[in-house]
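So the protein lines, in turn, are chains A and B.
Our numbering numbers the first residue of the first sequence as 2 and each following residue consecutively.
Our numbering numbers the first residue of the second sequence as 12 and each following residue consecutively.
What the hints contain is simulated information worked out from the structure, not anything from laboratory work.
Each residue gets a CB set at the ideal place from its N, CA and C atoms; glycine is no exception.
Heads up, a few of these hints could be off.
[As the list claims (entries may be wrong)] According to the in silico footprint, chain B covers these stretches of chain A (three or more CB under 8 Å from chain B):
hint, segment
1, 31-40
2, 73-82
3, 110-124
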Amino acid sequence: MNKSIMIVGVGGQGTLLASRILGNVLLAEGYDVKLSEVHGMSQRGGSVVTYVKYGDKVWSPIVGKGEADLLLAFEQLEAARYLSYLKPEGKIVVNTQRIDPMSVLAGDGAYPDGVLEALEAAGAAVQRVDALPLAVEAGSPKAVNVVLIGAMAKNTDIDKEKWLAAVRACVPPKFAELNERAFMLGYEKGE
Amino acid sequence: MKTIMLGNEAVARGLYEAGCRVASSYPGTPSTEVTEELARFDEIKCEWAPNEKVACEVAFGAAVRGARSVCAMKHVGLNVAADPVFTASYCGINAGMVIVVADDPGMHSSQNEQDSRNHAKASKIMMLEPADSDECLRFAKLAFTLSERFDTPVFLRLTTRVAHSRSLVETGERVDNGLKEYVKEPTKYVMAPANAIVKHPVVEQRLLDQRAYAETEALDAGLNKVEYFDKSIGVIASGICYDYAREALGERASYCKLGVDFPLADNLLKEFCAACGTVYVLEELDDFVEEHCKALGLDVIGKDKFPRCGEYSQGMIREIVLGEKAQVLTAAVDVPPRPPALCAGCPHRGLFYALKKLKLTVIGDIGCYTLGASRPLATIDTVLCMGASVSGLHGRNVADPENANRCVAVIGDSTFMHSGITGLVDIAYNASNSVTIILDNSITGMTGHQNNPTNGKNIKGDPALAVDLEALCHAVGIEHVAVVDPYDIAQCESAVRDALALHAPAVIISRRPCALLKTVKHAPPLRVDRDACRSCKMCMQIGCPAIHMRDGRAEIDATQCLGCKICQQVCKFGAIVE
Numbered sequence: 002m003n004k005s006i007m008i009v010g011v012g013g014q015g016t017l018l019a020s021r022i023l024g025n026v027l028l029a030e031g032y033d034v035k036l037s038e039v040h041g042m043s044q045r046g047g048s049v050v051t052y053v054k055y056g057d058k059v060w061s062p063i064v065g066k067g068e069a070d071l072l073l074a075f076e077q078l079e080a081a082r083y084l085s086y087l088k089p090e091g092k093i094v095v096n097t098q099r100i101d102p103m104s105v106l107a108g109d110g111a112y113p114d115g116v117l118e119a120l121e122a123a124g125a126a127v128q129r130v131d132a133l134p135l136a137v138e139a140g141s142p143k144a145v146n147v148v149l150i151g152a153m154a155k156n157t158d159i160d161k162e163k164w165l166a167a168v169r170a171c172v173p174p175k176f177a178e179l180n181e182r183a184f185m186l187g188y189e190k191g192e
Numbered sequence: 012m013k014t015i016m017l018g019n020e021a022v023a024r025g026l027y028e029a030g031c032r033v034a035s036s037y038p039g040t041p042s043t044e045v046t047e048e049l050a051r052f053d054e055i056k057c058e059w060a061p062n063e064k065v066a067c068e069v070a071f072g073a074a075v076r077g078a079r080s081v082c083a084m085k086h087v088g089l090n091v092a093a094d095p096v097f098t099a100s101y102c103g104i105n106a107g108m109v110i111v112v113a114d115d116p117g118m119h120s121s122q123n124e125q126d127s128r129n130h131a132k133a134s135k136i137m138m139l140e141p142a143d144s145d146e147c148l149r150f151a152k153l154a155f156t157l158s159e160r161f162d163t164p165v166f167l168r169l170t171t172r173v174a175h176s177r178s179l180v181e182t183g184e185r186v187d188n189g190l191k192e193y194v195k196e197p198t199k200y201v202m203a204p205a206n207a208i209v210k211h212p213v214v215e216q217r218l219l220d221q222r223a224y225a226e227t228e229a230l231d232a233g234l235n236k237v238e239y240f241d242k243s244i245g246v247i248a249s250g251i252c253y254d255y256a257r258e259a260l261g262e263r264a265s266y267c268k269l270g271v272d273f274p275l276a277d278n279l280l281k282e283f284c285a286a287c288g289t290v291y292v293l294e295e296l297d298d299f300v301e302e303h304c305k306a307l308g309l310d311v312i313g314k315d316k317f318p319r320c321g322e323y324s325q326g327m328i329r330e331i332v333l334g335e336k337a338q339v340l341t342a343a344v345d346v347p348p349r350p351p352a353l354c355a356g357c358p359h360r361g362l363f364y365a366l367k368k369l370k371l372t373v374i375g376d377i378g379c380y381t382l383g384a385s386r387p388l389a390t391i392d393t394v395l396c397m398g399a400s401v402s403g404l405h406g407r408n409v410a411d412p413e414n415a416n417r418c419v420a421v422i423g424d425s426t427f428m429h430s431g432i433t434g435l436v437d438i439a440y441n442a443s444n445s446v447t448i449i450l451d452n453s454i455t456g457m458t459g460h461q462n463n464p465t466n467g468k469n470i471k472g473d474p475a476l477a478v479d480l481e482a483l484c485h486a487v488g489i490e491h492v493a494v495v496d497p498y499d500i501a502q503c504e505s506a507v508r509d510a511l512a513l514h515a516p517a518v519i520i521s522r523r524p525c526a527l528l529k530t531v532k533h534a535p536p537l538r539v540d541r542d543a544c545r546s547c548k549m550c551m552q553i554g555c556p557a558i559h560m561r562d563g564r565a566e567i568d569a570t571q572c573l574g575c576k577i578c579q580q581v582c583k584f585g586a587i588v589e
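Take these sequences, add in the hints, and give me the full structure.
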């Protein structure tokens, strides 16, 4: 049975590194893996999406509406934006961080209140992670992505050591320790 | 060895394994990584060219000399390269030549949604299209073989979802057959009318031969493929649409997968349609295959049911073909859009703010700075294509000379090298009172930091000649060339005022490196003195993602702020401090 994961966030939050770590782990597990990501213009502070699919044989690299088993959201509003991609029985792992989009900064819209409650009211299983303080604790606010990968990893059957190996393989050696700490802080918060 | 690769990376790997020796490209999303990956191989002489036309001519020159060569570009780049492409089709090549072109259905990072398959047909050049990274690698190798066999450049078409998806590939060893002998042969390589008249029928015959290949040998080569399962539904598709269809319909349909987009395999299509019940042609963008099928008298369903605009998906196919709609959750929350924006610390911001203050009409161009059109800056009036700011400004000023002092053009350093120079020559030659602002951030920004002829580094990051922009502008006849620091709003404002007051051709170079470059040192983040802040929201007018309102006062996100001090210059109350 194939599985679909979506990683959504704001350009610059490091979603591409998160998907590389995920791809690395799934490949090591012997799965057929396809990942699809968007480069270029939308990376500049825009809403970004990465699709991760794995199983015995994967055809399409993208995840469609109602197809994601897991939605890993680096920001609340982005979780809401892509809710329709989640399977009704799927799960959302969401960073509780709020980042105002330019439309809100420019006064063209408001950042809604109660986003996470609305997701739960819609029937989604929501796991909240306050990733920014954990990333700071690990040594850098930029490690939010690896904290969230850690929190998500707890939802899979894949062994923790294999995840840590993938983290090490995907970051520069001098940041390996910091990122391992970030992963573990997220992993311990996972459900 | 099996490994996971980006589609673009797999294309580069395939070209490398096939003995590619020369690569020349201009960056353009979603094609850029093909050339970046080629640059990692020491055996390949790999270069950034100023534009796609030059890149294509470099690749052609190398192929004629006997080196397997490639140029890679995005779909609109192929318009720029179309001139050499159409005639290279007549000349043919010596060693193989591959033109990689990446289309962008859905316009993730493009100004239009054109379908490059039309270029293949118009230029009478064979086009292959892979569906995943494994095919990217294999088809890239085959493209060289077919190029040499049929004496023609060969297109390798990608779409964003193939170029920017990662999947498994099996890599092999490089085979380099060396530099082929070059024999002087004017009837082949000098496309004067007398020779071209002889060559055109050769091209027409070549298409017939390639069609025969597509119907027979292409099946053995794994380019074209027919898979029969349930024959009540037939699907004709190429590239990513095949993968979408396989996922949506599985063995409930049969498939005719086309790895050769052009020329199309007529007999294969006829046989497949005869064997299947209802046949769908699934192709993003134009009805390229559908139209061809209908001209053959085949009864197929395409654009009657499927859109011409945007991307397809397995969900769309499931819904239209099977009538199955996905179940989705909906939350009672209004989600404001999150469009891309100029980065915190972006040097373009200060200049754009000055232009906004002066209430000028701004003719824009292609690059990160296109984002200056978005609110709240909303500075840019028009964006057309690479280089069109400079020439477009001139056209506007020819039409309405009285208001020439109310208009400027903005163009990035790389875009200016690409096709802004000729527009500037036009301005100087035709004595146009036009002010061109070159946004020199020392890099090709939007496509992800590629070096270019102005920044003193080549594709590998090694030192290279840097075009002297001031000297270049002087040399084409622009007397007034000023240089400003875009982090200084007042300086930008007065330089623009002065240039517009000249009533003469003028250039302003707004010079500061992109804030995201690793070599750029940043000042410490600023903060808001909450007691001094009067909530006037002037700092919100610069559209900086690091500034937001919190509890009625402005607040600066220290993790994003790069200390550029633009906000400090617009705050009238001195509330933004170090």
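These are the hints, each one checked on the structure:
1. 31-40: holds (count 8)
2. 73-82: The restraint on the segment 73-82 of chain A holds, since 4 of its residues have a Cβ under 8 Å from chain B and three suffice.
3. 110-124: holds (count 11)
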